[in-house]
Amino acid sequence: GAVVSQHPSWVICKSGTSVKIECRSLDFQATTMFWYRQFPKQSLMLMATSNEGSKATYEQGVEKDKFLINHASLTLSTLTVTSAHPEDSSFYICSAGRYNEQFFGPGTRLTVL
Amino acid sequence: DAKTTQPTSMDCAEGRAANLPCNHSTISGNEYVYWYRQIHSQGPQYIIHGLKNNETNEMASLIITEDRKSSTLILPHATLRDTAVYYCIVRVATEGAQKLVFGQGTRLTINP
Numbered sequence: 001g002a003v004v005s006q007h008p009s010w011v012i013c014k015s016g017t018s019v020k021i022e023c024r025s026l027d028f029q030a031t032t033m034f035w036y037r038q039f040p041k042q043s044l045m046l047m048a049t050s051n052e053g054s055k056a057t058y059e060q061g062v063e064k065d066k067f068l069i070n071h072a073s074l075t076l077s078t079l080t081v082t083s084a085h086p087e088d089s090s091f092y093i094c095s096a097g098r099y100n101e102q103f104f105g106p107g108t109r110l111t112v113l
Numbered sequence: 001d002a003k004t005t006q007p008t009s010m011d012c013a014e015g016r017a018a019n020l021p022c023n024h025s026t027i028s029g030n031e032y033v034y035w036y037r038q039i040h041s042q043g044p045q046y047i048i049h050g051l052k053n054n055e056t057n058e059m060a061s062l063i064i065t066e067d068r069k070s071s072t073l074i075l076p077h078a079t080l081r082d083t084a085v086y087y088c089i090v091r092v093a094t095e096g097a098q099k100l101v102f103g104q105g106t107r108l109t110i111n112p
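Which chain is which? The protein sequence lines are A and Z, in order. Position 78 of the first sequence, counting from 1, maps to 78 under this note's numbering, and the rest follow consecutively. Position 46 of the second sequence, counting from 1, maps to 46 under this note's numbering, and the rest follow consecutively.
Same shape as in the complex, but just chain A:
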């Protein structure tokens, strides 16, 4: 149990386009999910906390208008990278909490050309 999925696993897009990444908790409900970003050879950096039924909470320095988060249900959160640019190319990872643990998705590799 406690499986988190992400879709797509990888995506390539042109500069200026928007990309949506889905995060699903497959066998449990999660009122809170988290979105992280990871650049090559670096650690995970928390971008935002996604709350079901309310606005996301963004970490300092993360542009909320560029990284749109929607937590539509207790099993689904989406991250939309708007007007993507090459510097947004990264590995995006979501997680969902259950009891005292957090379970991570497999990640989505975004490449912006």
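These are computed hints drawn from the structure, not numbers from a lab. Computed from a predicted model, the values in this text were never measured in an experiment. All residues carry an ideal CB built from backbone N, CA and C; glycine is no exception. Keep in mind that the hints are not guaranteed to be accurate.
To be verified - Residues of chain Z placed beyond 12 angstroms of chain A at every Cβ, according to the derived structure:
1. N19
2. N53
3. T56
4. K69
5. H77
6. R81
7. T83
8. R91
9. N111
Stated by the list, open to error - Here chain Z is said to cover these stretches of chain A; the calculated rule only asks that three of the stretch's residues, wherever they fall, bring their Cβ under 8 angstroms from a Cβ of chain Z:
10. 44 to 52
11. 104 to 110
The hints should help you fit chain Z onto chain A, whose structure is shown.
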């Protein structure tokens, strides 16, 4: 959350025990020690957590010093598949709806 300090990298021979240290000298009384690992290009995987007693599960053992200022994750019989970055995180163990702050972790390489 308390800050942790880990060695940047470690090597271990296959079949031997891998001992990964973590310093968390500013840990608070209600903070737990969590360990996760991340295999290349995958999401982090939960390994184990503990408060003050030593813990063991099917993956690893966690040894926490009596003063709780440091801990050691032990992989008893390391395999090549244990090659990963290991993260030590301290946080209050409330419901899972609490963010994790990742440090740089330890890059563990298991050698044949």
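Can you list which hints this structure breaks, lowest number first? Violated: hint 8 alone.
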